[in-house]
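Protein chains in written order, with this note's numbering: chain A, 3 to 303; chain B, 28 to 312.
I should point out that these hints are in silico values taken from the structure, not numbers from a laboratory. Please note that a few of the clues may not be correct.
[What the hints assert, rightly or not] Straight-line distance between alpha carbons at most 35 Å, and here's what the computed DSBU-like set of lysine-lysine pairs gives:
(1) K32(B) / K297(B)
(2) K214(B) / K301(B)
(3) K113(A) / K227(B)
(4) K214(B) / K227(B)
(5) K227(B) / K296(A)
(6) K297(B) / K214(B)
(7) K201(B) / K265(A)
(8) K135(B) / K31(B)
(9) K201(B) / K301(B)
(10) K227(B) / K297(B)
(11) K201(B) / K214(B)
(12) K297(B) / K31(B)
(13) K265(B) / K113(A)
(14) K31(B) / K296(A)
(15) K32(B) / K265(B)
(16) K297(B) / K201(B)
(17) K301(B) / K31(B)
(18) K32(B) / K135(B)
(19) K214(B) / K113(A)
(20) K135(B) / K297(B)
(21) K135(B) / K301(B)
(22) K201(B) / K265(B)
(23) K113(A) / K32(B)
(24) K296(A) / K301(B)
(25) K296(A) / K297(B)
(26) K31(B) / K113(A)
(27) K214(B) / K135(B)
(28) K227(B) / K201(B)
(29) K296(A) / K265(B)
[As the list claims (entries may be wrong)] Chain A residues, not near chain B, derived (Cβ > 12 Å throughout):
(30) P51
(31) V68
(32) L71
(33) D147
(34) H163
(35) L169
(36) S170
(37) L219
We put the CB at the ideal spot given by N, CA and C, even for glycine.
This is what each chain is made of:
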Amino acid sequence: MANKGRTSWLRRKFGFNVLLVMPLQVILNFVLIVPFALAIYLSLTDWSPITGPWYASPIIGAQNYVSILTTERFQQAIMNTLVIVGGAVTLEFALGLVLALAFFSWDFRGKPIFASIFLVPMMVIPAISGFTFQTIFSTQGAINDVLSRISGTVVAVDWLHVPWSALSAVILADAWQWTPFMFLLMYAGMTALPSDPIRAARVMGASERQIFLRIMLPMLRPIITIALIIRSLEAFKIFDVPFIMTQGGPGTTTETISIFLYKFAIQFARVAWASAGAIVIFIAIVIVTLWASKPLLPKAE
Amino acid sequence: MKGKKSIYYATMLVAALFAVFPLFWLVASSFKSPFEWFARPVVWIPAHPSFDSYAAIFGLPAPSITVVGGVLVPSFYAFRNSLLAAIGTTLAAVAIGYMGAYSISRYKTGGAMTYFFVLTSRMLPPVAVVIPLLVFFQTLTLVDTVEGLVLIYLGVNVAFVIWIVRGFIDDVPKEVEEAAALDGVTKWSIPFRIILPLVKGGLAASALFVFILSWTEFGIALILTQYNSTTIPVQLFKYEFGGGPALGPMAALSTLAVIPVIILGYIIQKQLVKGLSMGSIRGRR
Numbered sequence: 003m004a005n006k007g008r009t010s011w012l013r014r015k016f017g018f019n020v021l022l023v024m025p026l027q028v029i030l031n032f033v034l035i036v037p038f039a040l041a042i043y044l045s046l047t048d049w050s051p052i053t054g055p056w057y058a059s060p061i062i063g064a065q066n067y068v069s070i071l072t073t074e075r076f077q078q079a080i081m082n083t084l085v086i087v088g089g090a091v092t093l094e095f096a097l098g099l100v101l102a103l104a105f106f107s108w109d110f111r112g113k114p115i116f117a118s119i120f121l122v123p124m125m126v127i128p129a130i131s132g133f134t135f136q137t138i139f140s141t142q143g144a145i146n147d148v149l150s151r152i153s154g155t156v157v158a159v160d161w162l163h164v165p166w167s168a169l170s171a172v173i174l175a176d177a178w179q180w181t182p183f184m185f186l187l188m189y190a191g192m193t194a195l196p197s198d199p200i201r202a203a204r205v206m207g208a209s210e211r212q213i214f215l216r217i218m219l220p221m222l223r224p225i226i227t228i229a230l231i232i233r234s235l236e237a238f239k240i241f242d243v244p245f246i247m248t249q250g251g252p253g254t255t256t257e258t259i260s261i262f263l264y265k266f267a268i269q270f271a272r273v274a275w276a277s278a279g280a281i282v283i284f285i286a287i288v289i290v291t292l293w294a295s296k297p298l299l300p301k302a303e
Numbered sequence: 028m029k030g031k032k033s034i035y036y037a038t039m040l041v042a043a044l045f046a047v048f049p050l051f052w053l054v055a056s057s058f059k060s061p062f063e064w065f066a067r068p069v070v071w072i073p074a075h076p077s078f079d080s081y082a083a084i085f086g087l088p089a090p091s092i093t094v095v096g097g098v099l100v101p102s103f104y105a106f107r108n109s110l111l112a113a114i115g116t117t118l119a120a121v122a123i124g125y126m127g128a129y130s131i132s133r134y135k136t137g138g139a140m141t142y143f144f145v146l147t148s149r150m151l152p153p154v155a156v157v158i159p160l161l162v163f164f165q166t167l168t169l170v171d172t173v174e175g176l177v178l179i180y181l182g183v184n185v186a187f188v189i190w191i192v193r194g195f196i197d198d199v200p201k202e203v204e205e206a207a208a209l210d211g212v213t214k215w216s217i218p219f220r221i222i223l224p225l226v227k228g229g230l231a232a233s234a235l236f237v238f239i240l241s242w243t244e245f246g247i248a249l250i251l252t253q254y255n256s257t258t259i260p261v262q263l264f265k266y267e268f269g270g271g272p273a274l275g276p277m278a279a280l281s282t283l284a285v286i287p288v289i290i291l292g293y294i295i296q297k298q299l300v301k302g303l304s305m306g307s308i309r310g311r312r
């Protein structure tokens, strides 16, 4: 009851809160919203930097959309991206969860030191991890050397020029970099769990496996969902690592959506056409994210 | 019991080995001399470490590395540009993001969708905004400038500050502000003089996160900064050696770019861990 006066004290601040978000709004408008609106406009024209100023370009309607959706290379870029996202995020999640569970339930010394070491890959510049993995998988790289030493013969496979291994290498590089992120979130989630249900189950004779599957996993569900959404969103835009390791090759077998859009918008100057592709992708991402985060939103508070 | 313990340590050591191996490979490469770069069998640890790669990237005499056609430009500028871009973005993003996060946390500004809206900024494929931005930037003469880079990085990374800091502000009891208000602290001073010191940890974590993201960004910089404002990741691929990639100098520049971030990350690891987990455990409200 005594709070009543104070609540209205907060209420009178209306206006102040809007002022506080103003800079954020301005930046987002300038850098994201207005350019995005312009991208929508451009996608309806057939503008290219070589055809003159953008506002002089005639509107041609939805032609770009029809054309890009029926382009096989675009469809393949989507497939490649889905394979990379699926492979990398699954691998990161599985490894991160297992490692976090080991960290949580095993009793051993030096945990802070191990944690610091595990977090290192996250700090490495993606472009640089792409470059490093490129040299590791190259003909003269570490993988071939280890295989040669084990087998006793000279192994000289050009891993990044074979479709399946190039794709796997890209997935591996991304998984190396982001498993720590999953580990971190899963471990934080586990330590934040209430200990009573786990202890009670243990007293009642539940096995460790049952405790994990029946009690911990369901309670971890929100954070697992968040972690998967965040990683999938970021992985969906993957550019640096495959661009540096393979430039999308061999052929177009590792060409992700971002690489495809970069090549067509910048290198081939087909801006309007590529913009249509970017907008299609953006809409798809928003829809999927809204759908995926649905179980999280209403449960708020 | 003893056997169990050794399995624990063995598992952790294997995981740790995987985590650091690429980094070891990178650092080892930076100390190799040119004839060891692509040698078979692989030279894992150069017997006579060569510092020529480091000398070469800073334009110092490097006897074993013959620069072909002067492609190997000194990297001082790349370091300066990356540093300016990363620091500029970090300061601005933390300031703007903190004010936004405070407003969203305390006043629920914009309602339930604000949060999702801010996160949408992470869903846009960068190419979708960079091309139209090129059009603007040409009129504003911001193409190939560090300022232009800072503006874009600010837009795409500020969401992380909101995401992390908001959880920390949510955790500060309302009573703190009410008491301050009764003591005569004005509404303008409350977020800056009362709340700010209480969420320092979250600000540090989000600052480091934004710093890393801007320090490491490649795709946007590749499009916007070809000549005057080249950043480290873009500079990396300008090194050539006799037509092929100059492995040693690339590895040397990479090492120099990565080590400070790892040290920085180690120093504020606690806040970083707390910040990231806070963002995901509590930040979804």
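Hint-by-hint comparison with the structure:
Between K32(B) and K297(B) the alpha-carbon distance is near 26 Å, which keeps this suggested pair within the 35 Å criterion. Simply put, K214(B) and K301(B) have alpha-carbon atoms about 28 Å apart, close enough for the 35 Å limit, and the pair holds. Of the pairs offered as hints, the one joining K113(A) and K227(B) holds, with about 26 Å between alpha carbons and a cut-off of 35 Å not exceeded. Restraint check: the Cα-Cα separation between K214(B) and K227(B) comes to about 20 Å, which is no more than 35 Å; the hinted pair holds.
This hinted pair checks out: K227(B) and K296(A) have alpha carbons roughly 32 Å apart, not beyond 35 Å. Taken as a hint, the K297(B) and K214(B) pair is honoured in the structure, with Cα atoms around 31 Å apart against an allowance of 35 Å. For the hint pairing K201(B) with K265(A), the CA-to-CA distance comes to about 51 Å; that exceeds 35 Å, so the pair is violated. Pair hint K135(B) plus K31(B) does not hold up; C-alpha atoms about 51 Å apart against a cutoff of 35 Å.
Restraint check for K201(B) and K301(B): the C-alpha separation of about 21 Å stays at or below 35 Å, so the hint holds. Distance hint between K227(B) and K297(B) is fulfilled; the C-alpha atoms sit about 12 Å from each other, no more than 35 Å. Proximity of K201(B) to K214(B) is assessed by CA-CA distance (about 13 Å); at most 35 Å being required, the pair is judged to hold. A hinted pair counts as satisfied when its Cα atoms are at most 35 Å apart, and K297(B) with K31(B) qualifies at roughly 29 Å.
Of the supplied pair hints, the one linking K265(B) and K113(A) is violated, its CA atoms being roughly 41 Å apart against a limit of 35 Å. Under the criterion of a C-alpha separation no larger than 35 Å, the hint pairing K31(B) with K296(A) is inconsistent with the structure, at around 42 Å. Annotation: proposed proximity of K32(B) to K265(B) is violated, straight-line Cα distance about 49 Å (limit 35 Å). Our distance criterion of 35 Å between C-alpha atoms is met by K297(B) and K201(B), whose separation comes to about 25 Å.
For the hint pairing K301(B) with K31(B), the CA-to-CA distance comes to about 30 Å; that is within 35 Å, so the pair holds. Straight-line distance between C-alpha atoms of K32(B) and K135(B) comes to about 50 Å, which puts the hinted pair past the 35 Å bound. This hinted pair does not check out: K214(B) and K113(A) have alpha carbons roughly 44 Å apart, beyond 35 Å. Between K135(B) and K297(B) the CA atoms are separated by roughly 29 Å; this keeps the pair inside 35 Å, and the hint holds.
The hinted pair formed by K135(B) and K301(B) meets the criterion: a straight-line CA distance of about 23 Å does not exceed 35 Å. Between the alpha carbons of K201(B) and K265(B) the distance comes to roughly 54 Å, so the proposed pair goes past 35 Å and is violated. With a C-alpha separation of about 13 Å, the suggested pairing of K113(A) with K32(B) holds against the 35 Å cut-off. Taking the CA atoms of K296(A) and K301(B), the gap is near 25 Å; set against the 35 Å cutoff, the hint holds.
Our distance criterion of 35 Å between C-alpha atoms is met by K296(A) and K297(B), whose separation comes to about 31 Å. Straight-line distance between C-alpha atoms of K31(B) and K113(A) comes to about 16 Å, which keeps the hinted pair within the 35 Å bound. A C-alpha spacing of about 16 Å is found between K214(B) and K135(B), which places the hinted pair at or below 35 Å, so the restraint holds. The suggested pairing of K227(B) with K201(B) holds, with an alpha-carbon distance near 17 Å, which does not exceed 35 Å.
For the hint linking K296(A) to K265(B), the alpha-carbon distance of about 45 Å lies beyond 35 Å, and the restraint is violated. A cut-off of 12 Å between C-beta atoms contradicts the statement that P51(A) is not in contact with chain B; the least separation is 8 Å. At roughly 19 Å from the closest C-beta of chain B, the C-beta of V68(A) stays outside 12 Å, upholding its exclusion from the interface. A cut-off of 12 Å between C-beta atoms confirms that L71(A) is not in contact with chain B; the least separation is 16 Å.
Not every beta carbon of chain B lies more than 12 Å from that of D147(A), the smallest distance being close to 4 Å; the non-interface claim is violated. The Cβ of H163(A) sits about 15 Å from the closest Cβ of chain B, beyond the 12 Å cut-off, so the non-interface label holds. Interface exclusion of L169(A) from chain B stands, the closest Cβ pair being 19 Å apart, more than 12 Å. The claim that S170(A) is not at the interface with chain B holds, since no C-beta of that chain comes within 12 Å of its own (minimum 16 Å).
Distance check on L219(A): its Cβ is at least 16 Å (rounded) from any Cβ of chain B, clearing the 12 Å threshold; non-interface status holds.
Taken one by one, the earlier hints fail for this structure at numbers 7, 8, 13, 14, 15, 18, 19, 22, 29, 30, 33, listed in ascending order.
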